[in-house]
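Undergrad: Chain by chain, the residues run as shown.
Number of protein chains: 2
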Amino acid sequence: MPAFPVNRLCIVGVGLIGGSIGLAAKARNAARHVVGVEADADTWADALRMGAVDEITGDLASGVRDADLVILAVPMEAILEIIPRLAPLLKPHTVVIDVGSVKAAVVRAAKKASPLAFIGTHPMAGSERGGVESARADLFEDATWAVVPPINYIGDDIEDVTNFITALGAKPVTMMAPSHDEAVALTSHLPHVLAYTLTAMRANRSEKDQKRFLALSAGSWKSATRVAESSPELWTQIATQNAAPLAAVLRTFAAELLTIATALETEDMETVRERFAAGHAAKMSEREQ
Amino acid sequence: MPAFPVNRLCIVGVGLIGGSIGLAAKARNAARHVVGVEADADTWADALRMGAVDEITGDLASGVRDADLVILAVPMEAILEIIPRLAPLLKPHTVVIDVGSVKAAVVRAAKKASPLAFIGTHPMAGSERGGVESARADLFEDATWAVVPPINYIGDDIEDVTNFITALGAKPVTMMAPSHDEAVALTSHLPHVLAYTLTAMRANRSEKDQKRFLALSAGSWKSATRVAESSPELWTQIATQNAAPLAAVLRTFAAELLTIATALETEDMETVRERFAAGHAAKMSEREQ
Chain A
24 MPAFPVNRLC IVGVGLIGGS IGLAAKARNA ARHVVGVEAD ADTWADALRM
74 GAVDEITGDL ASGVRDADLV ILAVPMEAIL EIIPRLAPLL KPHTVVIDVG
124 SVKAAVVRAA KKASPLAFIG THPMAGSERG GVESARADLF EDATWAVVPP
174 INYIGDDIED VTNFITALGA KPVTMMAPSH DEAVALTSHL PHVLAYTLTA
224 MRANRSEKDQ KRFLALSAGS WKSATRVAES SPELWTQIAT QNAAPLAAVL
274 RTFAAELLTI ATALETEDME TVRERFAAGH AAKMSEREQ
Chain B
24 MPAFPVNRLC IVGVGLIGGS IGLAAKARNA ARHVVGVEAD ADTWADALRM
74 GAVDEITGDL ASGVRDADLV ILAVPMEAIL EIIPRLAPLL KPHTVVIDVG
124 SVKAAVVRAA KKASPLAFIG THPMAGSERG GVESARADLF EDATWAVVPP
174 INYIGDDIED VTNFITALGA KPVTMMAPSH DEAVALTSHL PHVLAYTLTA
224 MRANRSEKDQ KRFLALSAGS WKSATRVAES SPELWTQIAT QNAAPLAAVL
274 RTFAAELLTI ATALETEDME TVRERFAAGH AAKMSEREQ
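If you're matching them up, the sequences are chains A and B in order. Position one of the first sequence corresponds to residue 24 (our numbering), numbered consecutively onward. Position one of the second sequence corresponds to residue 24 (our numbering), numbered consecutively onward.
Hints in this document: simulated from the structure, not taken from any laboratory. Please note that the accuracy of each hint is not assured.
[Claimed, not checked] Calculated pairs, BS3-like style, for lysine-lysine (alpha carbon to alpha carbon, straight line, at most 30 Å):
id, chain 1, residue 1, chain 2, residue 2
1, B, K245, B, K49
2, A, K231, A, K134
3, A, K234, B, K234
4, B, K114, A, K245
5, B, K245, A, K194
6, B, K134, B, K231
[Claimed, not checked] Using C-beta positions, here's what the derived DEER-type ranges look like:
id, chain 1, residue 1, chain 2, residue 2, range
7, B, A271, A, I177, 12 to 22 Å
8, A, G81, B, M199, 25 to 35 Å
9, A, N52, B, T275, 12 to 22 Å
10, A, G74, B, I181, 52 to 62 Å
11, A, G81, B, T189, 32 to 42 Å
12, A, I174, B, E311, 40 to 50 Å
13, B, E311, A, R159, 45 to 55 Å
14, A, N175, B, T289, 23 to 33 Å
15, A, L71, B, M199, 27 to 37 Å
16, A, R159, B, I174, 30 to 40 Å
17, A, E288, B, K135, 48 to 58 Å
18, A, R159, B, D89, 50 to 60 Å
No experiment lies behind these values; they were computed from the predicted model shown. Cβ coordinates follow ideal geometry from the N, Cα and C atoms, glycine included.
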């Protein structure tokens, strides 16, 4: 990757995240020319009209050719499928990053794809509404953006990548893949599983019951289930790529719920009060951060 | 309860809900004169300045004397403590309603307090920020407001109560207490337990881990944990008053999470996909309602 701003940026996957990166890079002069690679040709006109990319193609090889920085902004499975094919398609010194939600599998794949100059990343921003039509130039403003080097990383591209991320308005934070994946299992993947499970449980009732349940839904239901609007296919890929950390967090979380259920059944109000008070105190301290 | 608008409305507990009822009743001419009964004298000046009440007192007996409609807008335990004491304090034909989140215990208490003319209700509106300073005249606009008559109800006050609720801008829906309590166990009480449990789990880590977890929190975490800001004392009372339905829903929910954990551990991607797709489809159909 050359001097900043990036001369030629290639974004593979021009959806919500890829499109927002293009918009932010243009708005903030982080890239001079942006090439999009997007398999769904129906979205090309939108992406060009919005200014998310300067040109767009369905062909990976011609898109990444001559790029100084390549960003993989496709679903997890596609990231893992593209990484092994990239090295021969690139000119020397091209840096590749991805923006997938799970990092261990990606940096493992990148290590095997040597001599690819690869750094994993993950912007903590998104929306339950996907697609380039939901892309926004300010999506990453003040968002944490994890930077995850491969195991035994010896390159010198991290600074270039963090400079680019900073230029998009985000805050780069460097960490290793297992630390990242364990944290997002709790902070992001679990909330998605909870949302899908809540709405599925409601739907698993008679039609008459469901009407009543929906009438008796207010703000707490809407907040808790909002991300069930997210693509179940994308989230199946994320969950299965982060299977072990997510399964562990699900088991701990289920055990906590069962402890509360037992406390309720045995009229052990003190345990209920103590759990709720601990959660409340934790939330209030979050707000102060 | 006499002709509409209510001549003299007494609101017992002038916090978020009680204060919002006062503001809405004044703004929409649903009551001519509003008396507040509030134990916390520090909030009296705010309640009067905001116009949530026309007069305010700390004394229940003098507040409810001469009232045509009395609304109990205090926490669950206080509702159950006040109901048995009310009948001797009221003039003939006064109607009493409560706005508590659980109904079976309340209508049971009201039945024992015969000849009290009592109807349970529950507005599906609120906020994680309590107190009269958060009260809003439009809090109930288009919100469902459950109307729950006592068992073997033979009075003729339901129409007056639903007229009053409609006048506040809400949509009254009549149902029996067990149906109400079973539904809100899933749609409201469970989301609160999930929020408290999520933030408590995050707080149950080393300080260094917590920093990373907070940095890697985005929109899905914020939505899922928003209501952990709610008063843990209020929610302990709600949860323990609805103990059996909430414990049942917690056990079913935990079992669903463990099914997903097992599917992740055994690389059973199809089960994960099927669960997420069912939740997603349910959420999309909710949005169409």
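Undergrad: Hint by hint, note whether the structure agrees.
TA: Here's how the hints hold up against the structure:
| no. | hint | result |
| --- | --- | --- |
| 1 | B:K245 x B:K49 | violated, 35 Å |
| 2 | A:K231 x A:K134 | violated, 55 Å |
| 3 | A:K234 x B:K234 | violated, 42 Å |
| 4 | B:K114 x A:K245 | violated, 42 Å |
| 5 | B:K245 x A:K194 | holds, 18 Å |
| 6 | B:K134 x B:K231 | violated, 55 Å |
| 7 | B:A271 x A:I177: 12 to 22 Å | violated, 56 Å |
| 8 | A:G81 x B:M199: 25 to 35 Å | violated, 59 Å |
| 9 | A:N52 x B:T275: 12 to 22 Å | violated, 53 Å |
| 10 | A:G74 x B:I181: 52 to 62 Å | holds, 59 Å |
| 11 | A:G81 x B:T189: 32 to 42 Å | violated, 57 Å |
| 12 | A:I174 x B:E311: 40 to 50 Å | holds, 47 Å |
| 13 | B:E311 x A:R159: 45 to 55 Å | violated, 25 Å |
| 14 | A:N175 x B:T289: 23 to 33 Å | holds, 31 Å |
| 15 | A:L71 x B:M199: 27 to 37 Å | violated, 58 Å |
| 16 | A:R159 x B:I174: 30 to 40 Å | violated, 54 Å |
| 17 | A:E288 x B:K135: 48 to 58 Å | violated, 25 Å |
| 18 | A:R159 x B:D89: 50 to 60 Å | holds, 57 Å |
Taken one by one, the earlier hints fail for this structure at numbers 1, 2, 3, 4, 6, 7, 8, 9, 11, 13, 15, 16 and 17, listed in ascending order.
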